[in-house]
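J.: Let the sequences and hints guide you as you build the complete structure.
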Amino acid sequence: MLSANTNRERGMRERQHPSDGINLDDLAEGAVVEIETQHHHYRLVKDADAHVHISGHPTFCPEPVEVEIEGSIERGQPPRTSPHYIGRGMRLVLRHPRFDVITTSRIEEIHRG
Numbered sequence: 098m099l100s101a102n103t104n105r106e107r108g109m110r111e112r113q114h115p116s117d118g119i120n121l122d123d124l125a126e127g128a129v130v131e132i133e134t135q136h137h138h139y140r141l142v143k144d145a146d147a148h149v150h151i152s153g154h155p156t157f158c159p160e161p162v163e164v165e166i167e168g169s170i171e172r173g174q175p176p177r178t179s180p181h182y183i184g185r186g187m188r189l190v191l192r193h194p195r196f197d198v199i200t201t202s203r204i205e206e207i208h209r210g
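Mapping of the sequence shown onto the numbering used here: residues 98 to 210, in sequence order.
In short, the hints are calculated from the structure, not lab data. Treat the hints with care, as some may be off.
Claimed, not checked - What follows is a set of in silico ranges between Cβ atoms, one per label pair, in the way DEER data are often shown: (1) T200 with E163: 16 to 22 Å; (2) A145 with R172: 26 to 32 Å; (3) D197 with E160: 17 to 23 Å; (4) P161 with D197: 16 to 22 Å; (5) E160 with H136: 14 to 20 Å; (6) E126 with H208: 16 to 22 Å; (7) P180 with E126: 14 to 20 Å; (8) E126 with R172: 28 to 34 Å; (9) P155 with P180: 25 to 31 Å; (10) R209 with Q135: 19 to 25 Å.
Here the structure is a predicted model, which is why all the values come from computation and not from measurement. Backbone N, C-alpha and C define an ideal beta-carbon position, used for all residues, glycine too.
T.: Listed below in structure tokens is the structure:
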């Protein structure tokens, strides 16, 4: 059973993020998330903390590579990420071991697998 604090924190996150999405902190290790952006289809497998193995981009991650998800940003807003949050209608920001910081095109769909 969730505590009152956990429910309150989740409610605060949902109010802070009006678009549909997920917070990596709410996922168990090994959880799979499929993300469709305007240009690519990504597959994320949750590791520890904000780390995931991501694949789906022909240049940055044709094979699964471990990255850190910094969060999502909204176009037209100041460049401020929502930590560990992946939101539909937003752009995913991740830290890649070879290419540094990458921002995807707009997220159109998110599916938990």
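J.: Please go over all the hints and tell whether each is borne out by the structure.
T.: Here is how each hint holds up against the structure:
1. The given range of 16 to 22 Å is respected by T200 and E163, whose C-beta atoms sit roughly 18 Å from each other.
2. A hinted range of 26 to 32 Å for the beta carbons of A145 and R172 is consistent with their spacing of about 30 Å.
3. Between D197 and E160 the Cβ separation comes to about 19 Å, which falls inside the hinted range of 17 to 23 Å.
4. Distance hint check: the CB atoms of P161 and D197 are about 19 Å apart, consistent with the given range 16 to 22 Å.
5. The hinted window of 14 to 20 Å between E160 and H136 holds, with their beta carbons roughly 18 Å apart.
6. Distance hint check: the CB atoms of E126 and H208 are about 19 Å apart, consistent with the given range 16 to 22 Å.
7. A C-beta distance of roughly 18 Å is found between P180 and E126, which places it inside the suggested range of 14 to 20 Å.
8. A hinted range of 28 to 34 Å holds for the C-beta pair E126 and R172, which are about 31 Å apart.
9. Judged by the Cβ atoms, the range 25 to 31 Å given for P155 and P180 holds: they are separated by roughly 28 Å.
10. Our hint of 19 to 25 Å for R209 and Q135 holds, since their Cβ atoms are close to 20 Å apart.
Hint check: no violations occur; every hint is consistent with the structure.
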